[in-house]
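Put the two chains together into one complex, using the hints given.
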Amino acid sequence: MTLEPIRKTITVACSREHAFKTYTEAFDSWWPREHHLGEADLAEAVLEPRPGGRWYEKTVDGAECQWGEVLVWEPPARVVLSWRIDGDWKIDPDPAHASEIEVRFFEEGPGSTRVELEHRDFERHGETAQKVRDGVSTEGGHGGLLKLFAEKAAA
Amino acid sequence: MATYGSDQLAALADPSRRAIVEALRAGPRAVGELAADLPISRPAVSQHLKVLKEAGLVADRAEGTKRLYRLEPDGIAAVRAYLDRMWSDALKSFADLAESTESPELPELPELPEEEQS
Numbered sequence: 001m002t003l004e005p006i007r008k009t010i011t012v013a014c015s016r017e018h019a020f021k022t023y024t025e026a027f028d029s030w031w032p033r034e035h036h037l038g039e040a041d042l043a044e045a046v047l048e049p050r051p052g053g054r055w056y057e058k059t060v061d062g063a064e065c066q067w068g069e070v071l072v073w074e075p076p077a078r079v080v081l082s083w084r085i086d087g088d089w090k091i092d093p094d095p096a097h098a099s100e101i102e103v104r105f106f107e108e109g110p111g112s113t114r115v116e117l118e119h120r121d122f123e124r125h126g127e128t129a130q131k132v133r134d135g136v137s138t139e140g141g142h143g144g145l146l147k148l149f150a151e152k153a154a155a
Numbered sequence: 001m002a003t004y005g006s007d008q009l010a011a012l013a014d015p016s017r018r019a020i021v022e023a024l025r026a027g028p029r030a031v032g033e034l035a036a037d038l039p040i041s042r043p044a045v046s047q048h049l050k051v052l053k054e055a056g057l058v059a060d061r062a063e064g065t066k067r068l069y070r071l072e073p074d075g076i077a078a079v080r081a082y083l084d085r086m087w088s089d090a091l092k093s094f095a096d097l098a099e100s101t102e103s104p105e106l107p108e109l110p111e112l113p114e115e116e117q118s
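Residue numbers (UniProt numbering), protein chains in the order written: chain V, 1 to 155; chain P, 1 to 118.
Hints were generated in silico from the structure; no laboratory data involved.
Being a predicted model, the structure only gives us computed values, none of them experimental.
There's no promise every hint is true.
[As the list claims (entries may be wrong)] Below are the DSS-like pairs computed for lysine-lysine, each with C-alpha atoms no more than 25 Å apart in a straight line:
| no. | chain 1 | residue 1 | chain 2 | residue 2 |
| --- | --- | --- | --- | --- |
| 1 | P | K66 | P | K50 |
| 2 | P | K50 | V | K8 |
| 3 | V | K90 | P | K50 |
| 4 | V | K21 | V | K58 |
| 5 | P | K53 | P | K66 |
| 6 | V | K58 | P | K92 |
| 7 | V | K90 | V | K58 |
| 8 | P | K53 | V | K90 |
| 9 | P | K92 | V | K21 |
| 10 | V | K21 | V | K8 |
Isolated chain P (complex conformation) (with noise of 0.2 Å):
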């Protein structure tokens, strides 16, 4: 069983893979059909669900000469690790820039009143 950050991260910032996820919510395709629907060649499509499967936001079954594709019903899961992962990213990257562009040169205010320490 995958678990939930990195994987699903990587797995959904492509677009092909999320075109992938969005085909596949109407049900279960087999790739030849999701190639058909999509302008990625099938290896292309195998490639991606590969990736799909090992970040756990697919499952795939046999069903007669064909293997099907499902949605593991974990979506909204991997949306927050997403959004986990993201906040992560971005809060970083804020403090990272607040800190390198406040202005050095602010004098610290004397404030306190000297005559009040006796």
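Okay, chain V solo, but in the shape it has when bound (with noise of 0.2 Å):
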């Protein structure tokens, strides 16, 4: 079973190029500061600009939360993320329980840029929903709450 991704686009005033340094290594710069998951505020987040790097917060009091790593990095074309962050708000580490996060560049003219941003996969955070499922019911059967989120998002 496939949940709908969710899908995101935005033209930029700006070449290809900036848009994707933009994006990655000037990560933090933009960043909404209020999404992380430590309990202390965000000091930084990290995208390191490398295939297999790490993409990462930094609180202030020193704690870091990986949350997933670069999958492909193709500049400046294309990045790919994985988001390990579960149903939990927990990191689970296993990556074939992480959605993935791709962002595609494509110049539309001279100092025009669009940027599609797909996050997918949400079904491999599966086992997360079943927990929860078996958390809130006796009467799971499996997969019911995977369902659920797909009529929703189906809506």
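This is the structure in structure tokens:
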């Protein structure tokens, strides 16, 4: 079963090269500060610019939390990241349980770049979904929560 | 029925409320039981549960003299709604930075050979 991905598109008034560099090298400069997992405030969000690089947060108390890794690194066209954060807002280090975020950069004209983001493969977080369901229901059939989710997502 | 979006985002942004959601994974609990396990007061737990309930993340029912709270089995749906909003915010923020930081002095490169124009 495939769960509908999240897709976002935005057009940016800059070159493709600059858009890619901003997305990756300047990651910390634009990442919304409230979107992180640690208890303390976000100190720095880091995306290591290479295949296999880590993608992680550092909080002001010195803690680090790795959100995932760089799966594909094709500057200035494409970057694919894994998302290891499960449905309980915890890190699941098993790569098989990580969803994927692909960001593609298309030149639309001089100084205009279309950026397409797709966050997909949510079903890989399925074990979490099952755990949540087990916690709340004694009659839970396998994958029931995912079905619920799929119905919601399709609505 | 709550709609998924800003309510869940706001509700789950709070660490205490995430802790309550986490505690409810094990099964339905009363307010007093939750307060006993968390470093926050019973009135605070009640307030957080009210927000979570309004966001459609927990439901409650009376059992004897107690009111039991349980998770709505839409946890992943809430996560998806959260991510949807998060990526919108993130891309907007990214676009603002990219547009404001590109070096304006880069000249247009005259790469088209003039002689081909006849």
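Do the alpha carbons of K50(P) and K8(V) lie within 25 Å of each other, as the hint requires?
Violated, because 32 Å separates the two Cα atoms, which is more than 25 Å.
Tell me if the straight-line CA distance from K90(V) to K50(P) falls inside 25 Å.
The hint holds at about 24 Å.
Given pair status - K92(P), K58(V), alpha carbons within 25 Å
Roughly 22 Å separates the two Cα atoms, so the pair holds.
Between K21(V) and K58(V), does the CA-CA distance stay at or below 25 Å?
Holds: K21(V) and K58(V) sit about 21 Å apart, inside 25 Å.
Please work out if K53(P) and K66(P) have their alpha carbons no farther apart than 25 Å.
17 Å, holds
For the pair supplied as a hint, K21(V) and K8(V), is the alpha-carbon distance within the 25 Å limit?
19 Å, holds
Under the criterion that the straight-line Cα-Cα distance not exceed 25 Å, is the pair K66(P), K50(P) satisfied?
Satisfied, since the Cα-Cα distance of roughly 16 Å is no more than 25 Å.
Taking 25 Å as the top limit, are the C-alpha atoms of K53(P) and K90(V) close enough?
22 Å, holds
Pairwise hint evaluation, K21(V) against K92(P), where the allowed Cα distance is 25 Å at most
With a Cα-Cα distance of about 16 Å, the restraint between K92(P) and K21(V) holds, given a limit of 25 Å.
Are K90(V) and K58(V) close enough, with their CA atoms no more than 25 Å apart?
Distance of about 15 Å is within 25 Å: holds.
Comparing the model with each earlier hint shows a violation of hint 2 alone; every other hint is respected.
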